[in-house]
Amino acid sequence: MKKLFVSICTCAFVLLAGGWTKDTPKNQGKTSLRFSWWGGKERHEATLKVIEMFKEKHPDVEIISEYSGYDGYLQKLTTQLAGSNAPDIIQIDRAWMNDFQNMGGNLFSDLKKEKNLDFSNFEEKFLKETGYMNDTLVAIPLGVAARCWMYNDKNMKAIGVQPENITWESFLEYAPKIREMNTQGYAMGIIPKDAMRIILEYSVQTTGKNLFTKDNKVQMTPEELRIGMEYFKKLVDSKAVPPLDETVVYNDKPGDNPKVINGNYTFLPTWSSALKNYSFSEGEINMINYPVISGAQNTGIEVRPSMLVAVNEKSKNKAVAAEFINYMVSDEEAIKVLQDLRGIPASKKANQVLEANGMISPMQAKAVQDGIKYQGETINALLDNPEIEMIYNHIVQQLWLGQITPEKASKEMIEEMTDKLEELF
Amino acid sequence: MRKRFNSAFIFIAPWILGLLIFKLYPFAKSIVYSFTNYNLISAPKYIGLKNYINIFTKDKFFFDSLWATFKFVIISVPLKLVFALGVAMLLNKSFKGSNLFRTVFYIPSILGGSVAVAALWKFVFSNDGLLNSVLKIVGITGISWIGNPSTSIITLALLPVWQFGSPMIIFLAGLKNIPESLYEAAKIDGAGKVRQFFNITIPMLSPVIFFNLIMQIIIAFQDFTGALLITKGEPLRKTYLYGMYLYEVAFKKFRMGYASALAWVLFVIILMFSLFIFGTSKKWVHYND
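Line order of the protein sequences matches chains P and S.
Under numbering that gives the first Met the number 0, think of the first position of the first sequence as 0, with each following residue one higher.
Under numbering that gives the first Met the number 0, think of the first position of the second sequence as 0, with each following residue one higher.
Please keep in mind that the hints were generated in silico from the structure rather than gathered at the bench.
Incorrect hints may appear among the rest.
To be verified - Here are the computed lysine-lysine pairs in the BS3-like style, where the Cα-Cα straight-line distance is at most 30 Å:
#	chain 1	residue 1	chain 2	residue 2
1	P	Lys75	S	Lys28
2	P	Lys258	S	Lys28
3	P	Lys40	S	Lys121
4	S	Lys231	P	Lys258
5	S	Lys281	S	Lys175
6	S	Lys231	P	Lys252
7	P	Lys75	S	Lys281
8	P	Lys233	P	Lys419
9	P	Lys213	S	Lys281
10	P	Lys48	P	Lys153
11	P	Lys372	P	Lys156
Claimed, not checked - In silico negatives: residues of chain P with every beta carbon more than 12 Å from chain S:
#	residue
12	Gly38
13	Thr78
14	Glu122
15	Lys127
16	Lys176
17	Gly207
18	Asp214
19	Gln218
20	Val235
21	Asp236
22	Pro242
23	Asp251
24	Ser278
25	Asn288
26	Ala355
27	Gln396
What the hints assert, rightly or not - Partial list, derived from the structure: chain S residues whose beta carbon lies under 8 Å from chain P:
#	residue
28	Lys44
29	Leu48
30	Pro234
We treat Cβ as the ideally placed atom computed from N, Cα and C, and that holds for glycine.
Isolated chain P, as found in the complex (with noise of 0.2 Å):
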């Protein structure tokens, strides 16, 4: 009998040991929120920062951080909205939108019934465009950004070329002339996404049509689609692009590639709010709007929000969080901290303070007005989605091997996205 106690005893002890014990709450009577992003240290630094001081003014309020990096924040998020123990405010991406929404039940607050938000802050129509989720306004862009090409100004002066002046036909001209320059790098480092963001740009632009419907159905034909791809294929035939190998390895993380590092590739077609991520070792960072054709019905110019942040509809402080996100967007203090941490702010009085205090990387400015003064009409949300983006990158591959003609490649594609789409919705 006593072996059995002495037993249970060990037993009871290692159990505990191992992390059956819970910690009493520290701060009895205050508001719990818990606040969950991704970034970089920059992004993590001015944020935990913000949020002492919105802890200074409110006193009773707690806000628990939970940062971290691009990879995995999805798949933490969606295992912890599936457990009901997601955190309270939550920052997400645009390209999730769609898988949430399919998902079905109601995870997200509806924003529209928070008093302590004040929209006027924000375009109407830009709301709409992005936070919507069924009709409900769920969440709330923090930053915006638009697509553009990055390019190395050292490499564009000693060819002696504006690069302003640039058309998609010049392009071709200028590359053998960018390669004979510098032989280690090729005109434009291009990863198979980006391939597929200017086959479609080249083809929106020729055609007027957008690929997708709102309603998530194809409408390009293959024929029209075509036009672009075989626009691609003058570049990988002209050698404007590297070969495929070259870039591929870097699909998820193209700022890695040393030759982007190096400044090798002339240009890189890229987001606005990615701009300040890149240095290259020898050369200056510019950019320009890519191509235009004249007369073009539908510039293809994409401006998205970077990011958006989303209230849990399971939350208890529902006002509480409402009040942290509107201090983030509004106050001025915090908006000195934050800067374009987000890409440009959304935010009206955001903009205002950062450009009176000139806190707003010019670069990055000119990209998301010139994107706004441009802005084609765009439905690209469904490029994110993995289940089309694993068509395309697929296809353009083998597109850029030379394996499938650009008839054949726009043809399956279409066809495969239309199967999956019918799939999906």
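Got chain P; can you put chain S on it based on the hints?
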């Protein structure tokens, strides 16, 4: 006797609980999920055999990833075993510091699945990587080992070969069990080293080889770290290992039902391979008793 049984049971209880809660329950539950459409948020919806039917009739990715995985297993497992056996035979000789070397050679296996090693692999085999820089010195222009569709799967399959530690330790134990007298007798009969290896070492070691082969095949079929971290399955899905496909279906597309069905298909495939090897084992595995 009963008392002793009780206390033994209590001591092993944490492990049994762990097995029940974290292994057996999810294992059983995944069969149920494999017949449903389940996205983690909405309740699972029963759809019968539809997931399984779709896998075999509609799913291009399934066949691509299965093919990539077969290649991966066929390249990596034999290489790993040969390598492990070779090192084990070297370490079987006693020399000064042989214990130290046994530990040192095991280290890669501990680091094995880590992110750092995968990053290292990318560094060595990429276009401007270490390997190509070395080749350049001797005047050979290298290729992009992981970016090229024809070499990428081979490069990826070399990664687990490097983690030969555990089969090596098992081989080492097996080698120690071969009586020295057999080698002495063979030597007196005039058998050379090669003859001794094929006629004594291999047959005597066959149960251990059999065990290692089965284990390594099971492990290789489920491998995915390298594919996820180094190549993301590209180029052209040539390195899209089954484990990675399964992971993406579950945690990128959040189709848990379909992912469960994929997992069970993999289970059956591994089972068939194991049974096949068990079937052949009568012909080549020799037990002493």
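Here's how the hints hold up against the structure:
1. P:Lys75 - S:Lys28: holds, 21 Å
2. P:Lys258 - S:Lys28: violated, 48 Å
3. P:Lys40 - S:Lys121: Since the Cα atoms of Lys40 (chain P) and Lys121 (chain S) sit roughly 24 Å apart, the hinted pair holds (cutoff 30 Å).
4. S:Lys231 - P:Lys258: OK: Lys231 (chain S) and Lys258 (chain P) at ~20 Å, within 30 Å.
5. S:Lys281 - S:Lys175: Since the Cα atoms of Lys281 (chain S) and Lys175 (chain S) sit roughly 23 Å apart, the hinted pair holds (cutoff 30 Å).
6. S:Lys231 - P:Lys252: holds, 11 Å
7. P:Lys75 - S:Lys281: At roughly 48 Å apart (the allowed maximum being 30 Å), Lys281 (chain S) and Lys75 (chain P) break the hint.
8. P:Lys233 - P:Lys419: holds, 29 Å
9. P:Lys213 - S:Lys281: violated, 63 Å
10. P:Lys48 - P:Lys153: Judged against 30 Å, a Cα distance of about 38 Å means the pair is violated.
11. P:Lys372 - P:Lys156: Between Lys372 (chain P) and Lys156 (chain P) the Cα gap is close to 27 Å, so the pair holds against 30 Å.
12. Gly38: Gly38 (chain P) is indeed farther than 12 Å from all Cβ atoms of chain S, at 20 Å.
13. Thr78: violated, 7 Å
14. Glu122: holds, 31 Å
15. Lys127: The claim holds: Lys127 (chain P) sits with its nearest Cβ about 25 Å from chain S, beyond 12 Å.
16. Lys176: Label holds. Min Cβ-Cβ 24 Å, cutoff 12 Å.
17. Gly207: Check passes; 32 Å lies beyond 12 Å.
18. Asp214: About 20 Å separates Asp214 (chain P) from the closest Cβ of chain S, which puts it past 12 Å; holds.
19. Gln218: holds, 24 Å
20. Val235: holds, 14 Å
21. Asp236: holds, 19 Å
22. Pro242: violated, 8 Å
23. Asp251: violated, 6 Å
24. Ser278: With a cut-off of 12 Å, Ser278 (chain P) remains clear of chain S, as the shortest Cβ separation is near 18 Å.
25. Asn288: It holds; Asn288 (chain P) is separated from chain S by about 29 Å at its closest Cβ, greater than 12 Å.
26. Ala355: Label holds. Min Cβ-Cβ 42 Å, cutoff 12 Å.
27. Gln396: Per Cβ check, Gln396 (chain P) is inside 12 Å of chain S; nearest 5 Å; violated.
28. Lys44: Because about 10 Å separates Lys44 (chain S) from the closest Cβ in chain P, which is outside the 8 Å limit, the hint is violated.
29. Leu48: violated, 17 Å
30. Pro234: holds, 5 Å
The structure does not agree with the numbered hints 2, 7, 9, 10, 13, 22, 23, 27, 28 and 29 stated previously, though it agrees with the rest.
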